[in-house]
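Undergrad: Chain W is already provided as a structure; the job is to place chain A on it using the hints.
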Amino acid sequence: MWLDFSAFLWITLKVSLFGAFCALDRTALLQMMFSRPLVAATFAGALAGNWEIGLLLGATLELYFLSEIPVGTIIPTDDTLLAMAAGGVGAALSNLPQSQNRASGTLALLVLLTVLPWSAFTRKVDSWVRHKNGRLVDEVETALLAGPNLNRAQPSALNYHLHGLFNFYSASVVALGLMVMSSLLLVPLLLFLVPVWLQPLTDRLLFLFPVFGIVGLLSNMNQKRQLAVFAGVTTALLLF
Amino acid sequence: MQCLGLAYAITPLLEKLYGKDPERLTRRTRRYLDCFNTNPYLAAAILGFLVHMESQSEEMGDQGLYLSSSLAGLYGAVGDNFFWNGLKPMTSAIAVMIFFWRPGLTAVLFLLLFYNLVHFGVRYIVYLSALHRGIGVLEKIDSLRLPLLRNIMGYVTTASLAVTTFLLVDYFNLKKGLGGNLAHLLVLLLVVGLWWRKKSGSKSSFNKQSEPV
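The listed protein sequences derive, respectively, from chains W and A.
Just so we're aligned: the first sequence equals residues 13 to 252 in our numbering.
Just so we're aligned: the second sequence equals residues 200 to 412 in our numbering.
Bound conformation, chain W alone (with noise of 0.2 Å):
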């Protein structure tokens, strides 16, 4: 097993820093959908290489996520950064020589095995620069009052609305960082531990993920009627 560790670090060190933009339009700017999975992950693999395994990635954790709503004060995962995470060391290990006589689905689920478990450090990682970005109010209240002189008071209000965003943004370099390099080092370790013979079924194990996502939205809806039209579509499309 032959491991390039200068080429792991500079993907690494892409991902992270590129990656971390699309990791701000969740919801410090713009939230034009650039951090939906399916967009990220398709972006993560293309910085790293092969952006097809990072779109198969992509639409695989795009429902997975998405039965989490941000309603009121809840914070959900951040799909954003797994799914570049993911999206990233996919597209890595996808040229290495071990994964050249493999199916990409045997590949991608293990990608996924081993970014998902930082789900609950995502939203760790949300959720403190949220409390640090709330004490920045304070903080501009602060500077208002340290005198009404024009060009001290406007400029320090702009600022602080500016270092939230940095916050946000050094916040998902680090975390993207450990994410991608920790995966780096473990997927390659896992693929030479899966037997050839057990292939087919890790090709296809894939597909429960995109399930666990449609089970999860269809239960979160809520809709009347919903198991009728659900039921109507599918018997249509056994029919014809």
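Since the hints were derived computationally from the structure, they do not count as laboratory data.
Glycine included, each C-beta is placed from N, C-alpha and C at the ideal position.
One thing to keep in mind: the hints can contain errors.
What the hints assert, rightly or not - In silico DSS-like links for lysine-lysine, alpha-carbon gap of 27 Å or less: (1) W/Lys-136 with W/Lys-26; (2) A/Lys-375 with W/Lys-236; (3) A/Lys-397 with W/Lys-236.
As the list claims (entries may be wrong) - A short list of chain W residues far from chain A (calculated; beta carbon distances all over 10 Å): (4) Asp-16; (5) Phe-17; (6) Leu-21; (7) Leu-25; (8) Phe-33; (9) Asn-62; (10) Leu-75; (11) Val-185; (12) Gly-189; (13) Ser-194; (14) Leu-198; (15) Leu-202; (16) Phe-204; (17) Val-206; (18) Val-208; (19) Val-227.
TA: Same frame as chain W, but now just chain A:
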């Protein structure tokens, strides 16, 4: 944290109105740092409303701030339901369906284009309406019939998920050894079984946790 964004957004107007009186400018800026929490997209309506009120006089600006705390709760409920429970799941479900039907960047492009077309459209309409009509923006938002649209989007999402369930069989080549219709039926039974299990309230391994603030 949204209050900092609100203060940041309204600062150019405050500078224009009170720029010659630094003490007043500071006082007015501080008023916009009060707690503020709403749906980020419909926040545009509140910003437009506050600009409308503040432009008239300082007293009207205070009244606007007083009313905006009630509006924030209302728009938070309406906006979260429309965007987070309706538009986002529908766009994602259709994009994933497109991916499993024809793998490629079309799914990504659809997600970005469709969602942003709708969300920028709503933002633009409600901001301009609030800017010109003040509290009359409530009628405008009511005329958009967001709850009805959200219900329609719910059905589209369900239909897309049903099609995706069907497409998964082909994408992951699950027909091999089982036959086409049997594989489809098994996956459908799996989805419906897990759905029923989750609906009936039992804890399952795929229940995910969220972090309260």
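Undergrad: If a hint holds in the structure, say so; if it doesn't, say that too.
TA: Now for the hints, and whether the structure bears them out:
At roughly 24 Å between alpha-carbon atoms, W/Lys-136 and W/Lys-26 fall within 27 Å of each other, so this suggested pair holds. A C-alpha spacing of about 36 Å is found between A/Lys-375 and W/Lys-236, which places the hinted pair above 27 Å, so the restraint is violated. Restraint check for A/Lys-397 and W/Lys-236: satisfied, since their Cα atoms lie roughly 17 Å apart, inside the 27 Å limit. The Cβ of W/Asp-16 lies farther than 10 Å from every Cβ of chain A, with a closest approach of about 28 Å, so its non-interface assignment holds.
Distance check for W/Phe-17 against chain A: the nearest CB is about 31 Å away, which clears 10 Å, and the non-interface claim stands. Against the 10 Å criterion, W/Leu-21 stays outside the reach of chain A, whose nearest CB is about 28 Å from its own CB. No Cβ of chain A approaches the Cβ of W/Leu-25 within 10 Å, the least distance being about 24 Å, so the stated non-interface status holds. For W/Phe-33, the shortest C-beta to C-beta distance to chain A comes to about 15 Å, beyond the 10 Å cut-off, and the non-interface label holds.
Distance check for W/Asn-62 against chain A: the nearest CB is about 14 Å away, which clears 10 Å, and the non-interface claim stands. A beta-carbon of chain A is positioned within 10 Å of the beta-carbon of W/Leu-75; the least distance is around 6 Å. Look at W/Val-185: its CB is around 20 Å from the nearest CB on chain A, clear of 10 Å, so calling it non-interface holds up. The non-interface label for W/Gly-189 is consistent with chain A: the shortest C-beta to C-beta separation is roughly 21 Å, beyond 10 Å.
With 10 Å as the threshold on Cβ separation, the claim that W/Ser-194 sits away from chain A holds: the shortest Cβ distance comes to roughly 21 Å. W/Leu-198, annotated as away from the interface, keeps every beta carbon of chain A farther than 10 Å; the closest lies near 22 Å. For W/Leu-202, the requirement that its beta carbon stay farther than 10 Å from each beta carbon of chain A is met, with the minimum near 20 Å. With a least CB separation of 24 Å from chain A, W/Phe-204 remains clear of the 10 Å interface cut-off, as annotated.
For W/Val-206, the non-interface assignment is confirmed: its Cβ lies about 17 Å from the closest Cβ of chain A, beyond the 10 Å cut-off. Remark: the non-interface label on W/Val-208 is consistent with the geometry, its nearest Cβ contact in chain A lying 17 Å away (cut-off 10 Å). At the 10 Å boundary, the C-beta of W/Val-227 falls inside the reach of chain A, the nearest C-beta of that chain being 4 Å off.
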